[in-house]
Structures are given as structure tokens and as C-alpha cells.
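Chains as they are written, first to last, in the working numbering: chain A, 71 to 215; chain B, 71 to 215.
Among the hints, a few may not be true.
It does not matter which identical chain is used: a pair holds within one copy or between any two.
Said to hold, decoys possible - DSSO-like, lysine-lysine: derived pairs with alpha carbons at most 30 angstroms apart:
| no. | residue 1 | residue 2 |
| --- | --- | --- |
| 1 | Lys78 | Lys130 |
| 2 | Lys169 | Lys194 |
| 3 | Lys98 | Lys130 |
| 4 | Lys209 | Lys98 |
Calculated directly from the structure, the hints in this document are not laboratory data.
Each chain is listed here by its residues.
2 protein chains.
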Amino acid sequence: MEGKVVWKEGMAFEAHLGGHLFMLDASKDVGGTGLGPSPKGLVLIALAGCTAMDVVSILKKMREPVETFEVETDAVTATEHPKKILEIVVKYKFTSSEKLCKEKVLRAVELSEDTYCGVSATLKPQVKISNEIYINGEKLEAGES
Amino acid sequence: MEGKVVWKEGMAFEAHLGGHLFMLDASKDVGGTGLGPSPKGLVLIALAGCTAMDVVSILKKMREPVETFEVETDAVTATEHPKKILEIVVKYKFTSSEKLCKEKVLRAVELSEDTYCGVSATLKPQVKISNEIYINGEKLEAGES
């Protein structure tokens with residue numbers, strides 16, 4: 071697996087990944103011009119996207135009638151250099167007008183976090199990752215890994 | 071710091087990060103349709119972009135006349151689930167028609183890897199990260215951290 075960034079100007083870089091191209095940039099408060107997302111934030115999107123793809127795929131196999139699905143990631147980072155990521159809370163939010171089985175939803179999240187999600191396994195254990203699960207706005211029991 | 075992914079269809083998700091929006095998708099060989107980059111690859115771009123921004127910023131302060139600059143990242147991942155990232159080689163490639171000071175270039179890379187790069191510090195030590203530095207195609211001494 072490989073990726074590349076090419077300097078354009080200031081703190082702006084063109085990212086090349088698997089035939090896709092997008093911009094990266096520092097935000098204005100740290101000397102960039104905000105032409106694209108920041109590198110460290112991409113770690114959060116990587117984790118959210120990786121576990122979200124697992125979960126949507128597992129729940130499809132379980133024939134659960136998920137209608138909308140979002141994964142939010144909130145991180146706590148160190149305040150001194152290097153400003154590494156210390157902790158991430160992953161919030162899984164499902165909605166459906168049909169009944170979703172709570173046990174199957176919990177099982178899908180557990181399978182991703184413990185067995186399938188390569189990004190989660192890359193970051194753990196030095197990044198503390200915990201989860202919250204919501205079905206139609208109702209919070210299920212929280213897990214921690 | 072926070073990010074969010076929103077399910078669109080199949081394995082495709084819309085990523086929201088710092089006011090920017092882009093697509094994520096699995097590649098066709100693992101059930102996606104390739105509408106965007108893969109989540110795990112974003113970890114490589116996060117590392118490449120984070121250290122690249124440090125280095126370009128440090129060399130600007132050192133008044134080194136860098137003309138083009140790219141950072142490539144190659145990863146070795148586990149072959150069994152969870153397919154985590156085990157090792158990343160970071161290749162820093164500079165060109166200039168003026169003379170670049172090798173010691174300053176090495177120092178800029180070291181400062182990023184040891185002191186400033188939050189993504190590198192997040193991934194180490196469980197991901198083995200090493201570097202290669204090239205100036206106008208000539209390889210300098212390799213470091214490892």
C-alpha cells in the first residue's frame with residue numbers, strides 16, 4: 071500500500087492515493103490557507119471510514135434494515151509537541167423506520183473493533199479508543215477497547 | 071479535533087473534516103466501487119502530509135531554496151485480520167537547481183520525526199517508521215525511528 075503528497079505552495083500539498091487526488095493544507099491559524107483537510111484529521115476519518123465500512127458490510131449480511139448511518143470521531147490530542155492523538159471516541163449513529171436488533175448492531179461494532187478494523191488495530195493500544203452507539207437517537211451501552 | 075463519515079451507498083461514505091468534504095470508498099476488489107480513496111490509505115497520506123508540512127516549514131525558516139518536494143509512503147500491512155499497518159517507509163524527495171545543504175535537510179527531517187510530527191508520534195512505536203532522503207535523485211543516509 072502506498073501514498074504520495076506533492077508540494078504545491080505554502081503548506082498546501084496534493085495527495086495521491088489509489089488513483090484518487092485531493093488537497094491537504096494547514097488551517098489558517100497555523101500558517102496554511104485551508105485549501106484542504108489537515109493531515110492529523112485524516113487519521114480520524116481513516117478510523118471512522120474503516121470501521122464504518124466493516125459495520126455496514128456486516129449488518130448487510132445480517133439483513134438488518136439500516137436506513138441512515140454515520141460515524142463520528144472525536145479526538146483528544148497532546149498539548150505539547152509532538153501533538154499526538156491520545157484518545158478517540160467513536161460514535162456510531164444508526165436510524166431506521168423498521169426495528170433494528172440491538173444485539174446485532176453491538177455485535178457488528180465489536181467484530182469491527184476487535185477483529186476486522188485495520189486502522190483501529192494500527193492505533194491501539196497507545197491510542198485509547200472507546201465507542202458509543204445510538205439507534206434512532208437512543209444510546210446503547212458503551213464499550214471500550 | 072473531530073471528523074465524521076456519512077453512509078451514501080454500498081461501501082461509499084462522505085467524509086466531513088474541518089469544513090471539507092470528500093468521498094471514501096472501498097476498492098472494487100473488496101466490494102466497493104472506487105468512488106474515493108480507501109480509509110487505511112489515508113493513514114499513509116496523514117503521515118506523509120504531516121511530516122511534509124513540518125519539513126517544508128522548517129526548511130523555509132532555514133532559507134533553503136527547495137524547488138520541488140514530494141513525500142512518498144510505502145506500507146507493509148498484516149496479511150491476517152485485523153490487517154493493521156506494521157511498517158512504513160517515508161521517502162522525502164527534494165529537487166533544486168541551487169545547492170541544498172544536506173545537513174539542514176537531514177536536520178529538518180529529524181526535527182519533524184522526533185519532535186513535531188503528531189501523526190508519526192501517534193503511530194510509533196508499534197508501527198516501525200523509517201526514512202529515505204533524496205536530493206536531486208541522490209540518496210542521503212537513511213535514518214530509522
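Going through the hints against the structure:
In this homomeric assembly, Lys78 and Lys130 come within 30 angstroms of each other (Cα to Cα) only across copies, at 14 angstroms, whereas the closest approach inside a single copy is 41 angstroms. For a Cα distance limit of 30 angstroms, the shortest separation of Lys169 from Lys194 qualifies neither inside one copy, at 33 angstroms, nor across copies, at 43 angstroms. In this assembly of identical chains, the alpha carbons of Lys98 and Lys130 lie at most 30 angstroms apart only when taken from different copies (17 angstroms versus 41 angstroms within one copy). When the C-alpha separation of Lys209 and Lys98 is checked against a cutoff of 30 angstroms, the pair qualifies neither within a copy, at 36 angstroms, nor between copies, at 34 angstroms.
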